[in-house]
Each structure stands twice: as structure tokens, then as C-alpha cells.
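Fit chain X to the given chain V structure using the hints.
These protein sequence lines are chains V and X, in that order.
Numbered by this note's numbering, the letters in the first sequence go through residues 177 to 730 in order.
Numbered by this note's numbering, the letters in the second sequence go through residues 177 to 730 in order.
It should be emphasised that the hints constitute simulated quantities derived from the structure, not laboratory data.
Take these hints with a grain of salt, some might be off.
Copies of the same chain look alike in the list, so a pair counts if it works inside one copy or between any two.
[Stated by the list, open to error] Restricting the straight-line Cα-Cα distance to at most 25 Å, the calculated cross-link-like pairs of lysine to aspartate or glutamate (DMTMM-like) are: (1) LYS448 <-> ASP306; (2) LYS678 <-> GLU530; (3) LYS448 <-> GLU598; (4) LYS527 <-> GLU598; (5) LYS448 <-> ASP630; (6) LYS678 <-> GLU205; (7) LYS527 <-> ASP454; (8) LYS653 <-> ASP237; (9) LYS350 <-> GLU401.
Just so we're clear, the structure is a prediction, and the values are computed from it rather than from any experiment.
Number of protein chains: 2
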Amino acid sequence: MEHKHLNILIIGGVAAGASCAARARRLSETASITLIERGPDVSFANCGLPYHIGGEIAARDTLKVHTGQTLHNMLNIGVRTLAEAVDIDRKGKLVAVRSASTEEIDWLPYDKLLLAPGAFPVRPPLPGIDDPRILTLRNLQDMDRIKTATASAKKAVVIGAGFIGLEMAEQLHKLGIEVSLVEMLPQVLPQMDAPMTMLLADELRKNGIDLHLGDGIESFAPEGEKLACKLASGKTLAADFAILSIGVRPEARLAAKARLELGTRGHIKVNKFMQTSDPDIYAAGDAVETFDRITGSAAAVPLGGPANRQGRLAADHMINPASARPYPGSQGTAIVRAFGVAAGLTGWTRKRLEAADIPFLSMTVNDNNHAGYYPGASQLTLNILWSPVDGRILGAQATGGEGVDKRLDVLATAIAGKLGIEDLAQLELSYAPPFGSAKDVINIAGMAALNYTDGLLNPVRELPEDASVQIVDVRPKPLFDADPTPGAINIPFPMLRAQLDKLDRSRAVVTVCALGKTSYFAARILAQNGFDVQSLSGGIMATRNPRAAYKLPS
Amino acid sequence: MEHKHLNILIIGGVAAGASCAARARRLSETASITLIERGPDVSFANCGLPYHIGGEIAARDTLKVHTGQTLHNMLNIGVRTLAEAVDIDRKGKLVAVRSASTEEIDWLPYDKLLLAPGAFPVRPPLPGIDDPRILTLRNLQDMDRIKTATASAKKAVVIGAGFIGLEMAEQLHKLGIEVSLVEMLPQVLPQMDAPMTMLLADELRKNGIDLHLGDGIESFAPEGEKLACKLASGKTLAADFAILSIGVRPEARLAAKARLELGTRGHIKVNKFMQTSDPDIYAAGDAVETFDRITGSAAAVPLGGPANRQGRLAADHMINPASARPYPGSQGTAIVRAFGVAAGLTGWTRKRLEAADIPFLSMTVNDNNHAGYYPGASQLTLNILWSPVDGRILGAQATGGEGVDKRLDVLATAIAGKLGIEDLAQLELSYAPPFGSAKDVINIAGMAALNYTDGLLNPVRELPEDASVQIVDVRPKPLFDADPTPGAINIPFPMLRAQLDKLDRSRAVVTVCALGKTSYFAARILAQNGFDVQSLSGGIMATRNPRAAYKLPS
Numbered sequence: 177m178e179h180k181h182l183n184i185l186i187i188g189g190v191a192a193g194a195s196c197a198a199r200a201r202r203l204s205e206t207a208s209i210t211l212i213e214r215g216p217d218v219s220f221a222n223c224g225l226p227y228h229i230g231g232e233i234a235a236r237d238t239l240k241v242h243t244g245q246t247l248h249n250m251l252n253i254g255v256r257t258l259a260e261a262v263d264i265d266r267k268g269k270l271v272a273v274r275s276a277s278t279e280e281i282d283w284l285p286y287d288k289l290l291l292a293p294g295a296f297p298v299r300p301p302l303p304g305i306d307d308p309r310i311l312t313l314r315n316l317q318d319m320d321r322i323k324t325a326t327a328s329a330k331k332a333v334v335i336g337a338g339f340i341g342l343e344m345a346e347q348l349h350k351l352g353i354e355v356s357l358v359e360m361l362p363q364v365l366p367q368m369d370a371p372m373t374m375l376l377a378d379e380l381r382k383n384g385i386d387l388h389l390g391d392g393i394e395s396f397a398p399e400g401e402k403l404a405c406k407l408a409s410g411k412t413l414a415a416d417f418a419i420l421s422i423g424v425r426p427e428a429r430l431a432a433k434a435r436l437e438l439g440t441r442g443h444i445k446v447n448k449f450m451q452t453s454d455p456d457i458y459a460a461g462d463a464v465e466t467f468d469r470i471t472g473s474a475a476a477v478p479l480g481g482p483a484n485r486q487g488r489l490a491a492d493h494m495i496n497p498a499s500a501r502p503y504p505g506s507q508g509t510a511i512v513r514a515f516g517v518a519a520g521l522t523g524w525t526r527k528r529l530e531a532a533d534i535p536f537l538s539m540t541v542n543d544n545n546h547a548g549y550y551p552g553a554s555q556l557t558l559n560i561l562w563s564p565v566d567g568r569i570l571g572a573q574a575t576g577g578e579g580v581d582k583r584l585d586v587l588a589t590a591i592a593g594k595l596g597i598e599d600l601a602q603l604e605l606s607y608a609p610p611f612g613s614a615k616d617v618i619n620i621a622g623m624a625a626l627n628y629t630d631g632l633l634n635p636v637r638e639l640p641e642d643a644s645v646q647i648v649d650v651r652p653k654p655l656f657d658a659d660p661t662p663g664a665i666n667i668p669f670p671m672l673r674a675q676l677d678k679l680d681r682s683r684a685v686v687t688v689c690a691l692g693k694t695s696y697f698a699a700r701i702l703a704q705n706g707f708d709v710q711s712l713s714g715g716i717m718a719t720r721n722p723r724a725a726y727k728l729p730s
Numbered sequence: 177m178e179h180k181h182l183n184i185l186i187i188g189g190v191a192a193g194a195s196c197a198a199r200a201r202r203l204s205e206t207a208s209i210t211l212i213e214r215g216p217d218v219s220f221a222n223c224g225l226p227y228h229i230g231g232e233i234a235a236r237d238t239l240k241v242h243t244g245q246t247l248h249n250m251l252n253i254g255v256r257t258l259a260e261a262v263d264i265d266r267k268g269k270l271v272a273v274r275s276a277s278t279e280e281i282d283w284l285p286y287d288k289l290l291l292a293p294g295a296f297p298v299r300p301p302l303p304g305i306d307d308p309r310i311l312t313l314r315n316l317q318d319m320d321r322i323k324t325a326t327a328s329a330k331k332a333v334v335i336g337a338g339f340i341g342l343e344m345a346e347q348l349h350k351l352g353i354e355v356s357l358v359e360m361l362p363q364v365l366p367q368m369d370a371p372m373t374m375l376l377a378d379e380l381r382k383n384g385i386d387l388h389l390g391d392g393i394e395s396f397a398p399e400g401e402k403l404a405c406k407l408a409s410g411k412t413l414a415a416d417f418a419i420l421s422i423g424v425r426p427e428a429r430l431a432a433k434a435r436l437e438l439g440t441r442g443h444i445k446v447n448k449f450m451q452t453s454d455p456d457i458y459a460a461g462d463a464v465e466t467f468d469r470i471t472g473s474a475a476a477v478p479l480g481g482p483a484n485r486q487g488r489l490a491a492d493h494m495i496n497p498a499s500a501r502p503y504p505g506s507q508g509t510a511i512v513r514a515f516g517v518a519a520g521l522t523g524w525t526r527k528r529l530e531a532a533d534i535p536f537l538s539m540t541v542n543d544n545n546h547a548g549y550y551p552g553a554s555q556l557t558l559n560i561l562w563s564p565v566d567g568r569i570l571g572a573q574a575t576g577g578e579g580v581d582k583r584l585d586v587l588a589t590a591i592a593g594k595l596g597i598e599d600l601a602q603l604e605l606s607y608a609p610p611f612g613s614a615k616d617v618i619n620i621a622g623m624a625a626l627n628y629t630d631g632l633l634n635p636v637r638e639l640p641e642d643a644s645v646q647i648v649d650v651r652p653k654p655l656f657d658a659d660p661t662p663g664a665i666n667i668p669f670p671m672l673r674a675q676l677d678k679l680d681r682s683r684a685v686v687t688v689c690a691l692g693k694t695s696y697f698a699a700r701i702l703a704q705n706g707f708d709v710q711s712l713s714g715g716i717m718a719t720r721n722p723r724a725a726y727k728l729p730s
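The shape of chain V in the complex, shown without the other chains (with noise of 0.2 Å):
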């Protein structure tokens, strides 16, 4: 066979290297196969860090999940660590590996090279920035150093509240540590729109962490034995240490240096079966540009999923190029918790679409995770995007207590099966009282969408500023006293039919409930008795107050 002696070179020991690696061997039990890693460890569990700094992870092994000794056992390859690739000489194809402890430079032979080099934290030019207490996390070795500052710490400043931010602030806390977290947004994970972050936000605050949002870090400087973190708005924070945590750069030096094409934000540029526009040389993972799975426009979703599956994608095409299947895109599918709630992502969100300029109609709805009637349910807010063109689902977002991460996955599968709005209102998802309903958020979501094209439900964002539409809150009476909404009048909906003189027939209205339910059903009501209505789409939980429905009797 071809590939009987191939010779696969890896650059890069962690999610997509070790994948490939695993991946080829299996392929091929002749090939050589070779895994060269800048740092000490190959394949950890890099998105497990921040739980054992926080101590859930208790055993620091755990992360290992393969050292260079199980590698060579189980696959039966060659594993350099400490080892770092700094030149490629694609005629000859040959990688210059460096040595770190010798500095000695080895010219490696390769038939197929992957670049799965990753990236890194971004550390941005501001003053005071080389201080030893400004942590990043990438890896083992970040790892024990923030372990080591928590130790003596009472303070701590986390700067970006994405993914990262959020689990280090939530960790931090849970190790008795008093948490500052600093966010240049106005909202907590910008990678969400901001109504579906108001949860995540509400439930760090209840939990102590000290929120800075739509505040940017400008300076760092000692100030007595503390940092000081200078902020934009002329506060300054100081702590024991700070995490920045603003987002990740590709690692792309060595493949621009051997002149592979970079994508305009510098990644790797990748076509279908992850090559690079030198066909053996493969690359995968954090540091690569493919595309979008909707748009199919460029993509890179430094996330480990993708890298994975990309790293293994690369040993199909390297070994039986003929059987290998493409990469279908990427989705960005991601999601966190922070305390008791969790919250995440699948395709694209609305300010993203605006920025494309891409159409886009959009619908929020909230509902229990499972019965009801069963005990322990809880609100989920789900927000869906999709084309005006074919009804197509675009992205959606999820926040709650429980649950997140199964309508996350429904709709990410939603996504790569093309569906639309009329088939989320159909799915037959699972349902018993401990674990679904007998329509789910996510028919509803699909319910209410379709109720929004055929014009049976006309939502408004947010409640008009104009003093001369009628705001009518249909909740019960109690709720609405204990929590009114500004500007409005309370008929509870029951009594709706018999109180529409009430109202001014001349007027627009916009009717209001806890969750855009029961608003909807008034709005219905009204409507077809001749008056001009908008329903807030998503309730006060998904505009104003993100507990709104906590608050309802059981």
C-alpha cells in the first residue's frame, strides 16, 4: 500500500495533534509517526484547567490525558516535548526542531506535516503589562502559577468575562477569593447578544463577584505590595494578581515564516480536508481559518471540539486521501456555567447578522426545562435566528438553571440538518416529567416563530418609549404590584375580554407578561378585536429581569 512507510510529522501535542496522531496510527500500523510539543505535557485537558485551579478537579494527573510514555504504548509513536518546530523547508520537506534544553536545532524529514500549534492568550501593549501577577492561562504551567498565586490571595481581577473570564471568576470565588471581573463590553460573554446574558450576569453579581461592565483595562501598576488595575472610567482595582483573559491570537508564526497562506486575521488558511496551500502540509485546531458551516463564509472557532475532529480529519486525508471526508464547517458552538446558571451559543447571534448585514428575524421564548408539574423545574430562556428567506435557524442562544446544554445540542443538530422553524415546532424530543415537556421550549420557540411569519404574533423588543402606546401587563394583580413595569397598566389577562374599554381602540398597545406567553395570548385577543398590538417578545425575563419567572408561584 501507498502509505506504508509514510512518514507524519506533528507539530503540536494537544487537542488536534494527538487526535491526528491516535487517528493515523489506527490507519496505518507502518507509518511513522512523530509528535513534536513546544511545552513539557502532550494531550491535557486544556478546558479543564480553570476546575483545578478552582479545586473541583482535585488530582492535577487527571488533566494528563496521555503522557509521552502512554503515547508511545497505546500508539506506538514517537513523542519529542520541550521540543520546538522553528523553521519548515518544504522543498526538501524537512521541520528545524529545536531542543530546549540543548538548544541543539534537528532537521526532521516529513511525507505529511500538521500544524496544530493552537493559540495564545492575547497581552495586549499597556502599561505596567510585564508584571509577574498578570496571569494567562494556556496551559499545565499557567495553571501552577495561578495555583501558586491563589495560595497567599485575597484578590483577584479577571479581565474579559468570555468563556475563560467566567470560569477563572467563578473558580477564583469558590476558592474564598473576593473577584473583580472587568469586561470592556457592556455585557458579560459578548459572544451572546446582551439580552441572553442579563441570567449570567444577575447570577455572578448574587454571588458576590464585583462586575465591571463596559469598562476596559488601560494600565497595570504595583501599588504597595498590591497591582493596581486601571480601568477607563478612572477606576482602579487593586488585587493580589490578575487574569487577562481578552481572547486568544493564532500561532501562525512558523507557517508564515515557511510562507503558507494566512487568513486575514492571521490564521492558518485550511481548505475542506484541512491542507494549506501546500498540499502536505496539514493544519488543525486553534490556529486555523476554515469556514462557516451556515454561510460558508471564513471561520475560526479556536474551540475543542472542532480542533479534534479537524486533527482527525487531517490523518483520514494524509492516509486514504481518496475516502477522506471533508470538514463541514464550523458552528461555534460553546457554552459556560457560572454558578447555577449556564448559558451558550450554537451558529450565529443577531449582532454578528447585522454585522454581515445578513436578514435575519428573531424570536426569544422562555419555558421550564421539564414539567412543570414535576419538581425542580426551571426557567430557560431560548433565543432563535433565522432566515426571512426559507425559514432556516441561523443560530440560537440559551441561558437557564438546567437543560442549556441539551437545546443547545438539539439546535446545533437543527443547524447541521438545515432545519427550519416550522421543524423545531415538530421535533419529538424526549419527554417523561423528570426530563422534557410535551412541547418543549424548543417547539415553542419553533411555535412562536411561526406564529410571528404568519403574522398571528407581532413582537416588540423592548418596551416603547413612546408615551403614546398603551402598556398593558397582563400578570396577576400581586406580581404586578410587587414588580410593575414602568408606564404600564395591569388588567390580569383573565379579565382582559371583559375590560377592553379600557383601552383606547385609537392607540397602539404592546402588551407585557413575566415570560411573552400569556402577552401573546392577550395580544391575540386584542388584535382580533380590532386594535393595533405588539407582545414583548420574551417577557420581562428576557428584557428586563432575568427572574421574573422565579418569582410565579409553583
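Just chain X now, with coordinates in the frame of chain V:
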């Protein structure tokens, strides 16, 4: 508008009937809507009944989603309970409704009629079947009777180990009652394939449920103060009461009397808009026969999800036929929890595919519900069945601790989207350590299925009886010694490459491990070294000991 004064009559006030009433009112404020219910309650949560018996749902009223009064207040509909529809005059468009209290009959007119009568528990004509201690569970009154029986009972026999039987066995056990569970077929949950129910049976036994599988009920008789349940095997189980949960039959008497077309199994036949053979008479819910979403063949799925959506669709077509969307068919997605184990299915099973002579391929895999390095991970077993023609998923079954519902819902969505094994391999599902894995068990199932169709993996469902086949168990020696595989030699995986000479190349080999993953790796090594080799699909966990993997060091 056409439907201004449409007169809608609905027979049956639970899932399908109440959904139809509510949707019809949203679509038309002016329609006259009347709901007729034979029992005293409308819109109750019938899936919750077992959980009130067991006390998990403490307050009985929690199960009443609506009362006649709240339906009137919210929806402005007329509700008549304790009123049975006994005849239909299709020509005159009238339904004869008999009051349970007065026995008087009213003929009520309709423009559009919905039949949503549900299904009743099967009560076969066995000797002694009329003993009042033989109870079934369909409504709140049945529930009350069982609850009363539990008050003084020490021992109960549950006959039929389907969804209701399992839920009842669990809930009665929680009340401190000794439970025998009797099932004619040699497995619990006969809706699923036997291997996928092993864990469930094991969990029931571990919790002290006295299982009698492959043993049907033959007769009942009083025995002292007890009820003696005599089984086909000759065994007699004495109990204070018995629950009969061996299936349901559609309530189609009224439809038959009205000469509406029935299906071969006695259900009311409907088209995609839920119309019976009389276009002004609709039917929905447990009593109807619709079609299978995958094959298009006739299908009757007596579950809450389809019932709710069918009732809603019927209202759409009654009021706005031009814009009504067709029912996409049923998949039979279902799930049950018994103690710490969940099990469920979506689409077709092996036994149904075999019976229908539909070609299929099958793959069973095991993996963690979330990242193994994060605390609390538990094992899941997943079986997928797909078409050898195009790879399309025909069915899936899952069992395990946490996360079963999520995988079923993803696979139900994959089926709705006509996805294939290649798509499963590349689904981009949500991953953070508390929620998932970089490669979810669903990805792994797709990858394993592709390995199978690509000829990389040659799975075998059972250990060979043929002594000439060499069985090689590749688990670590301590695990093998603790629970040896019958007839196998033990070569721990890392030693395999060096110990190939222990094996006879002229004889076939089957490799075995706990999960079916390492045995695949071993089979790849052997195949590439010239061996005729198969790997035990799903490992020991899916074939012999459903807790095999739980023994592995974490």
C-alpha cells in the same frame, strides 16, 4: 372572515383536546368552542400520575393544568365534564352527548369536530380479572384508587414492564412497598432492543425490585386476604394489589359507530391535517393512526408530545386550512427513568426493522456523559441504526445515568433532519467540562459507524461459540482477573504489538474490552498484521455486564 362563527366541538379534554381548544381560541375570538369530557377532569397531566402516587409530586392539584373554570376564564370556551359523546350524526353535523348524572342526551351541533378520546389500558379476559384489586392507571380517579391501595399495602405486583410499569414499580418501591415486576417478554422495556435494557434491569434488581422476565400473567385468584397472581411459569405471586400496565388500546368506539375509517389495529385513521375520512371530523392523540416519520408507513404513537402537537395542528386546519402545515409523522421518541438509570429510544429498533424486513446496520458505543476528567462523569451506552443504502439514521437507543435525554433529543433531531452517520460524526455539540466532551458519544457513534462502513471496524455482537476463534481480552490484567471473559486470553492492550506471536494467525480472533473502544484499537493492530479479526461491539458493557465500565479506575 370565513371562520367568524365557526362552531367547534371537541370530544376529550386532555392533551390533544385541550391543545386544540387553546389554539383554536388564539386563532379565532369569535368561534364557538365547546369541550366535552367524559371524566370529571380536563387538561390534567397524565404523565405525572405515577409521581403523585409515589409522593414525588406532593399536591394532587399540581396535576390539574386546567380546570373547566380556568379554561373558561382563559379561553372563553364551554366545558362539559362528566359528559360522554355517544353518537355522531355526520349528515346533520350533530353529536349526541349523554350527561353522566342525568343520563339525558343532548344533540350538539358542530361545524368542525375533533375526536380526542385517548386510549384505555388493556385488560385481557383472564380468569379472575374482575378482582377489584387489579388496577390500571389512566386518569386521576385511577390514580386515587391506586393511592388508596398503597396506604395499607405491603406487596404489589406490576404486570407489564413498559414505560408505565417501570414508573409504577419505582414509585411503589419508594413508598416502601415490595414490588414484583412481571413481563411476558424476556426483557424490561419491550419497546427497546434487549441489550439496551440490561442496565435498567440491573438497576431495578439492585434496588430490590423482584423481576420476573419472560413470564406472562395467566390468572388471578383471591388467596386468603391477598390477590394471587399466577404466571405462565407456574409461579404465584401474592400481593395486596396488582397494577396492569401491558399496553393501551385506542378509544375508537364512537368513530367506528360513525363509520369513520379505522386502521388495521383499530385506531382512527387521519390524514396529514388530522382529518378523518370525514373532512369535517378531525382526530388527534392516542386514538389515531398517522404515519411514521422515517418510512411513511402507518404508525400510532400514544404519547403526550404527538398528542399535543396533533391537537394544535387540527385547530390550524379547522380555522385556516390554506396556511395549515401538515403533520410530519411520528417517531416514537420516548424515555423512562427508573431509580438512577434512564433509557429511551427514537425511531426504529432492531427488532422492528427485522420484523419489517428493512435493511439496516447497527453500532453500539459507550462513553462518558461529560468530560471524564471532570468529577461526576457517568457512562452512557448508545446504539444507532442506519440505512446501508445512504447512511441515514433509522433509530437510536440510549441508556445510562445522566444525559440520556440529551442524546435522544439530538438523535430525534438528526432523524427529523434526515441526517446520516457522517453527519453524526461531525456534529458540533456544546462542550465545557460539566456538560460534554470534545468528542461527544454521539460523534463517537458516528465515527464508529463510518469505521464500520469503511471496513476499518468489523464488529461482532456476541462472543463466538466456536472454540476455534481466539478471544483476546485487552483490558488491564487486574480488571480481567476480577471479571474474566469466558474463553478469553488476556493481552493488555499496550503489550499487544509485542505479543502478536501468542496468537495463531490461521485462526480468527475476536477482541474484547470493557467499552468496545480499546478492542477496536486492538483489532486495527491485528488486522494490519494479517489477522482475521472482529471487535466485540459495545464491549462487555453492552453485551454482558452493563456496569463493566463503572469498575474502571476513574
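Now for the hints, and whether the structure bears them out:
Taking the shortest alpha-carbon separations for LYS448 and ASP306, neither the intra-copy value of 40 Å nor the inter-copy value of 68 Å comes in at or below 25 Å. In this assembly of identical chains, LYS678 and GLU530 lie within 25 Å of each other by CA distance neither inside one copy nor across copies; the values are 39 Å within and 65 Å between. Taking the shortest Cα distances, LYS448 and GLU598 sit within 25 Å of each other only across copies (15 Å), while inside one copy they are farther apart (31 Å). For the identical chains of this complex, LYS527 and GLU598 are intra-copy neighbours only, at 24 Å inside a copy versus 31 Å across copies, given an alpha-carbon limit of 25 Å.
Taking the shortest Cα distances, LYS448 and ASP630 sit within 25 Å of each other only across copies (20 Å), while inside one copy they are farther apart (39 Å). With identical chains, the CA atoms of LYS678 and GLU205 are at most 25 Å apart between copies only, with a shortest distance of 19 Å across copies and 81 Å within one. With identical chains, the CA atoms of LYS527 and ASP454 are never at most 25 Å apart, being 35 Å at best within one copy and 50 Å at best between copies. Proximity of LYS653 to ASP237 under the C-alpha cut-off of 25 Å is restricted to the inter-copy arrangement: shortest distance 22 Å between copies versus 57 Å within a copy.
In this assembly of identical chains, the alpha carbons of LYS350 and GLU401 lie at most 25 Å apart only when taken from the same copy (23 Å versus 59 Å across copies).
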